[in-house]
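Participant: Here is what each chain is made of, one letter per residue.
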Amino acid sequence: MGISLSWPDKALGRKNYKLTKGANGLGVDFTDPASHDDMHVPATVHIPVGRPVKFIINAQDVIHDVGLSHFRLKMDAVPGIPTTLWFTPLYTTEQMKIRSGNPNFVYEISCDQMCGKGHFSMRGVIVVESEEEYRRYLATLDPEYWTVYPDKKPRAAPATTPSNTDSTKSKAPLAAILPAANN
Amino acid sequence: MSNIATIHESDVHGVHEEHHEHHHHETFISKYVFSQDHKMIARQFLITGIIWAIIGGLFSVLFRLQLGYPNSTFPWLEDILGHWAKGGKIDPEFYYALVTMHGTILVFFVLTAGLSGTFANFLIPLQIGARDMASPFLNMLSYWFFFLASIIMFASLFVQTGPASGGWTIYPPLSALGDASSGSKIGMTLWLVSMAMFIVSSLLGGLNYISTILNMRTKGMSMTRLPLTIWALFFTAVLGVLSFPVLLSGAILLLFDRNLGTSFFLSDIVVNGKILPNEGGSAILFQHLFWFLGHPEVYIILLPAMGMSSEILSVNSRKPIFGYMAMVGSLFAIAILAFLVWAHHMFVTGLNPFLGAFFVLLTLLIAVPSAIKVFNWLTTLWRANIRFTPGMLFAIGFVSLFISGGLTGIFLGNSALDIHLHDTYFVVAHFHIVMGVASFFGMFAGVYHWFPKMFGRFLNNTLAYIHFWVTLIGAYLIFWPMHYEGLAGMPRRYYDYSMWESFKMFGGLNEFISFVAMIVFATQLLFVFNFFYSIFKGRKVTTPNPWGANTLEWTTPVRPGHGNWVGEIPEVYRGAYDYGKDGREFIPQTEPVGENESHH
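These protein sequences, in sequence, are chains P and H. Numbered according to my numbering, the first sequence spans residues 32 to 214. Numbered according to my numbering, the second sequence spans residues 456 to 1055.
Hints are supplied without guarantee of correctness; some may be wrong.
Claimed, not checked - Now the in silico label distances, taken between C-beta atoms and shown as ranges: (1) D63/P - L740/H: 26 to 36 angstroms; (2) E956/H - L172/P: 20 to 30 angstroms; (3) V72/P - P808/H: 25 to 35 angstroms; (4) Y122/P - I502/H: 54 to 64 angstroms; (5) L121/P - L715/H: 46 to 56 angstroms.
Simulated from the structure, these hints should not be mistaken for laboratory data. Positions of the beta carbon are idealized from the N, C-alpha and C atoms, including for glycine.
Pulled out of the complex, with its shape left as it was, chain P reads as follows:
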């Protein structure tokens, strides 16, 4: 499972499955400038509480499903046909630990569409946190563009650190989820 986060330009870079090779595991078309600030993370998604978040969902190999049982939501991930899902988390993971009385509480992403022998263990995690924690988390990430093209990484601190702008506040963070590789 791979996840790309768009921040701060609010647009995910174009993708083309034919580019899925080597380091570019999600098949991003890096000729699209919109992709240059997208950050890629493995199966744990951080999202801020109280803000609408939109998932753009795709699949690489077979049909999977992004199942969010605590949010009462799910959406299939279909190769070749992107689907979308949006919601607003109301409680942080820490708040839910208290509300549910379960100190191990975690928002889990379950694959809800039969996808092969690894189906039952295809698990992701959503960490819902405060805006502040979320910004701190984003600050630790580098755009995937720099990982794939290390020479493009600016020497100085980049001008577009995730912790700036007020203009982003009213809009939804954007995440693309790409479940794949069931075995």
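Following the hints, position chain H against chain P.
Facilitator: Leaving out everything else, chain H in the frame of chain P:
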């Protein structure tokens, strides 16, 4: 008076029958193997269906073993299954193969062929007053295509890479790509070929049932005098003939995608690091083709059970079925709506929510004819002098399960709720109760009720009562708790839940369900024993009409020979449900309407 006359006549026929058979010199092969007699073909379907049911049920016990006891090992499993259960623990790949084959076997081979194949063949000629099917030869072919399909499907269990394991719905790309799952290799090809044979069998059977019912009714048997069993089997056949070809087309296109490099269902795929060249196909297209059969299929399974239960409820209530025309009309309405609701299986595929709204409306409309049927069954039972024969108990059990399972269908038919409930145990609970167990109850009711006509003997009643109570209570104990698991979002088709923080609290409940499932399975073996024992050693039927029923099959000799009636085919003067009329317990369809007879 006429009842006595009927018995007397059939005694005479009994003598004729021996004479009649003496002339034909049927060999073992022509009588029991390549038989063209509808009653023998029905028995062939039934016994093949029972064998499949044992296999399919056994598979469910095996995977319930894994679900109930995920942390235990059973060394004897390795002795039986070899590398599929290394160290006594079922392999995930094999677990999914078991789940897939359980669904395939039970839905198609048992509850379609085993149910319709048995009772449509057995009852249509006998209840409409025909000597045999419109084409006995095609009828024989129908069974042998089913047999061929069975052999191929059975063989797929023994190939090295295992049988199909992508779920009985075989969604591509999983089912299209051998690289995605070892069950999608040769096992999947065999699945598709077997299903193609199965569909041919189904079409040959269905065409025969329809033409027989429309053309070969005896004198006086107008459509509105048909027993409800026949109406139900008629609509079942129509559904099958119109919807199975669509699955066939889907299966053939999938075979093309698998073997000929086409892209009907494939696009933009990277599997195991390999970039596939397929572009422009739609994985969702297959789901449309599949569910265009898949949803009518639910009613192909359910309608025969409805028809038989209606008949058995009326006979054993000693009352006319309440609202005969409403029963026929609601069957018709269900048959029409069955074709218009398929996309309610696809609410979370990315289907346009506005389109979803239409499917919600059409799906919830099914509640109307369903409620009419339930109301009529209950009013038939209302203040009746009920005979609790095993067949009757199972028919009442069918009504109970149909209500319980039908109500949860209202939840699932709502696209907003379905976003949460889709592919959870709520769905598993719903369709097992309303379609699986309910149809099994209809089938059991039919077997207990018509066994005397099929084999000239009764099934053992004590074993039958044990069978009924354990199965009814067990079915509720197994499937009722699954609703709670489903509401918590527990996904279906998982091999092990113990690593999931959200679902591991159901471990104890899963163990309980598995435990009950094993008891219920063992009870079904009791039924199988009763069935085969009673064929040879059961109490003999001495009167041609042991249940005091009105329909024509009970006017034949106790063991009807080829051609069913030895003399003339009886003429029909009335509907099938004149019970408790004018102070008489029952009036057979063959009795002319008396001058002073009251009108209902």
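Participant: May I ask which of the numbered hints given earlier this structure violates, with the numbers listed in increasing order?
Facilitator: The structure conflicts with no hint, since it agrees with every one listed earlier.
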